[in-house]
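Peer 1: Residue numbers (this note's numbering), protein chains in the order written: chain A, 1 to 309; chain B, 1 to 309; chain C, 1 to 309.
One thing to keep in mind: the hints can contain errors.
Because identical chains cannot be distinguished in the list, a pair is counted as satisfied if it fits within a single copy or across any two copies.
Mimicking DSBU-like on lysine-lysine, the simulated pairs with C-alpha atoms at most 35 Å apart in a straight line are [said to hold, decoys possible]: (1) K248 <-> K85; (2) K240 <-> K16; (3) K252 <-> K85; (4) K278 <-> K85; (5) K34 <-> K308; (6) K85 <-> K240.
No lab work stands behind these hints: they were computed from the structure. None of the values given here were measured: they were computed from a predicted structure.
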Amino acid sequence: MENRSLVTIAEHSKEKILYLLEMAKQFENNPNRKILDGKVVATLFFEPSTRTRLSFETAVNRLGGRVIGFSDASTTSSSKGETLKDTIMMVSNYADLIIMRHHLEGAARYASEVAPIPIINAGDGANQHPSQTMLDLYSIQKTQGTLENLNIFLVGDLKYGRTVHSLLMAMRHFNPTFHFIAPDELKMPEEYKIYCNENNIKYVEHTDFTEDIIADADILYMTRVQRERFTDLMEYERVKNVYILRNKMLEKTRPNLRILHPLPRVNEIAYDVDDNEKAYYFQQARNGLFARQAIICDVLGITLDDIKE
Amino acid sequence: MENRSLVTIAEHSKEKILYLLEMAKQFENNPNRKILDGKVVATLFFEPSTRTRLSFETAVNRLGGRVIGFSDASTTSSSKGETLKDTIMMVSNYADLIIMRHHLEGAARYASEVAPIPIINAGDGANQHPSQTMLDLYSIQKTQGTLENLNIFLVGDLKYGRTVHSLLMAMRHFNPTFHFIAPDELKMPEEYKIYCNENNIKYVEHTDFTEDIIADADILYMTRVQRERFTDLMEYERVKNVYILRNKMLEKTRPNLRILHPLPRVNEIAYDVDDNEKAYYFQQARNGLFARQAIICDVLGITLDDIKE
Amino acid sequence: MENRSLVTIAEHSKEKILYLLEMAKQFENNPNRKILDGKVVATLFFEPSTRTRLSFETAVNRLGGRVIGFSDASTTSSSKGETLKDTIMMVSNYADLIIMRHHLEGAARYASEVAPIPIINAGDGANQHPSQTMLDLYSIQKTQGTLENLNIFLVGDLKYGRTVHSLLMAMRHFNPTFHFIAPDELKMPEEYKIYCNENNIKYVEHTDFTEDIIADADILYMTRVQRERFTDLMEYERVKNVYILRNKMLEKTRPNLRILHPLPRVNEIAYDVDDNEKAYYFQQARNGLFARQAIICDVLGITLDDIKE
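So here's chain A without its partners, still in its complex pose:
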């Protein structure tokens, strides 16, 4: 049988992405279904991530499945020296699907190669986080009515930001124009600029973050400058306050502009933005529920036809 694991969104064709978004739309119409009745899903969070875990666990529970797992590896057999392979083999005996987060890049790929059941990558180090990308795409499509020909501004930590890298790659199918707004220390890495060139993705780089620069944005994708990425905390303190979106910066922006953020935020979006109708980050998080229900069903072999009501 085909292993239907989802390790990276880069493996998905344009058609597959649009298909999953259509599935997510069905789940937004009705997220409560009994389609996973009798299924056990393991959420293995070797690295904690409450938001992602709760979103996936809600997705499973609303579909009638049951959840087992752990939210922190410190008390697991891994700490007794067990290999990832053995842990995955063990859990494969119990569950029908493993959703895993790991601090090591490549962990999800490896797990998908040894496991007899599907794996969903819920984040592997700085590498991939495909369900986040699916909910970003769903949020863009829903708010803009299309994924095609959009001006997408990525702001903040473009060097370590896993979500912006994945979004960039997934958007290659849809003729976007990207604007990269970041301080020098956190610039978009060369490899992704090469990727853009190879895939005919237009991009412009900025180091300023001003009202004028974002005037023609359709999507403003803000990211958190994560303390844990810095070895020099002085540098972090200097940088973290530079790229802050404030409500008055939004006055001249397009009416269709929507502001996204993978959350959690620290201070990169001022609280006065929350009441602006262009703020969309909390609804975006809600879309994660539907996008994840679509992903879960897909890796388990449940089709759009199965869920249409």
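Chains B and C: place on chain A using the hints.
Peer 2: Below, chains B and C without anything else, positioned relative to chain A:
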């Protein structure tokens, strides 16, 4: 829509309290119902409390709902600097109800003001713990046949004891006589004595804890002298052994006397009391299941009529 | 009512063991049933054990029951000084069954004496772990077609290894021949050799672990040399690499030989053994699901007749 959150029992009228107690009684008759089928309840314990969490989670599970959440905030986004508002907004996307415990007073109130879904306060610092009060009231009503005109003795830590303060306020509707038995260091605070005076609640203060003093008690409410409340551990060591209830102290007490304790106890009730038929603290804990089922249903808009069989 | 707790497999007769194995077989045919609908099972892991916990929780979920509990006692009331009795009494108010793991020997026995609901011992210190023994027996019976007259080789840490002690006692009904293979520091304790003599169990002791010695084994039961058992870490480092099973050692073994291991392993089975058809440890872990479903049903009074389809 009206926000039906439960932040403090002080907001409830006498009628509302009696209504919830009647609901709890229905659940004691049958705690297993499918009335929350399709609902997801988030238990967010920013501060650990196994007892309260397990009681709430049992309540949800026996009603057919599903539980997501965390039992300890140390691995959540809060530790990455996320605000309470953002955490609550995020979880509101997934769950139909949030049950939260937090170390800060006022946290539940604040959450109820920002959340689009109901909040149940499962304890906010030294402030409120309304579901504990409801199970205390249910236990008193069940064992005494009434809530009216009772002699209620509160023993131990009356200064920091959240449960005794809430019980005192909730009893204002029922013409109680309170006896406050505490060492000087842990006396009932002035503000609550003023509250008693303003609400025509009779009270007597004692510093001794003897057989004679408790002779006419209907309810003896013991509390734990919590080490974590003391800055001076020497003081704690001196005080903790003073207010211990022993079985021989119960000989001359009323037949209808019942001993309550919010649990966990350390040593303030000697183990030889456990087999005395006046000991009621374990059954009291069991009543928490029914009281919490009533509270959960009420905040979700499920009425007594909906659950009557 | 009879307390149906499972504290140790030593209490079970031959007939009871064979009955539970027959039940497990029924669950292997179909592990997904609604037989625990409306039941709440508490998994109280005072000591972490992810594998055992996930196995039990899967067993409950696939039978339609609901799970509450904790995976680590560090944030529970135990850390506030609550006694085990009080914790057990509290949880008994909520759950229909307690599955508990504790670092203290005798904890499960004590819990079964105070609790009004059944207890399943999921490991108490170095003492007992009966569900592990049931899955070992199930794995032996399934792979050998019988439990009678087998050559069983126990390898590694026979001094502290709880699983080998329990297996040895459970096999007394089935006329086994045991081979104990261990370094001097980790030899089978005298008390178990006396037990063998008293129960007419044949055994041979070895300090070498070679191809020749295991030539007539039906079951090779490998165990982990656990670092946490050693006070002298130098001694651990010396011993841990001595008893390693490698694929080339299996060439002259019997065709029916199967290799068991309670898992997690560290390095006592080389990875090249995993693809050998005699490796059975991952399937063994899977059998844990069915064995535990049988145990759970049995302590709850559900019979083989109830589950036969």
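Peer 1: Each hint should be assessed against the structure and marked as holding or not.
Peer 2: Comparing the hints with the structure gives:
1. K248 <-> K85: Answer is between; shortest inter-copy Cα gap is 22 Å, intra-copy 52 Å.
2. K240 <-> K16: neither (37 Å within a copy, 50 Å between copies)
3. K252 <-> K85: Classified as between; 28 Å across copies, 53 Å inside a copy.
4. K278 <-> K85: Between copies, since 19 Å is at most 35 Å while 45 Å is not.
5. K34 <-> K308: Intra 13 Å, inter 26 Å, cutoff 35 Å: intra and inter.
6. K85 <-> K240: Between copies only: 21 Å across, 38 Å inside.
Of the numbered hints listed earlier, the single one contradicted by the structure is hint 2.
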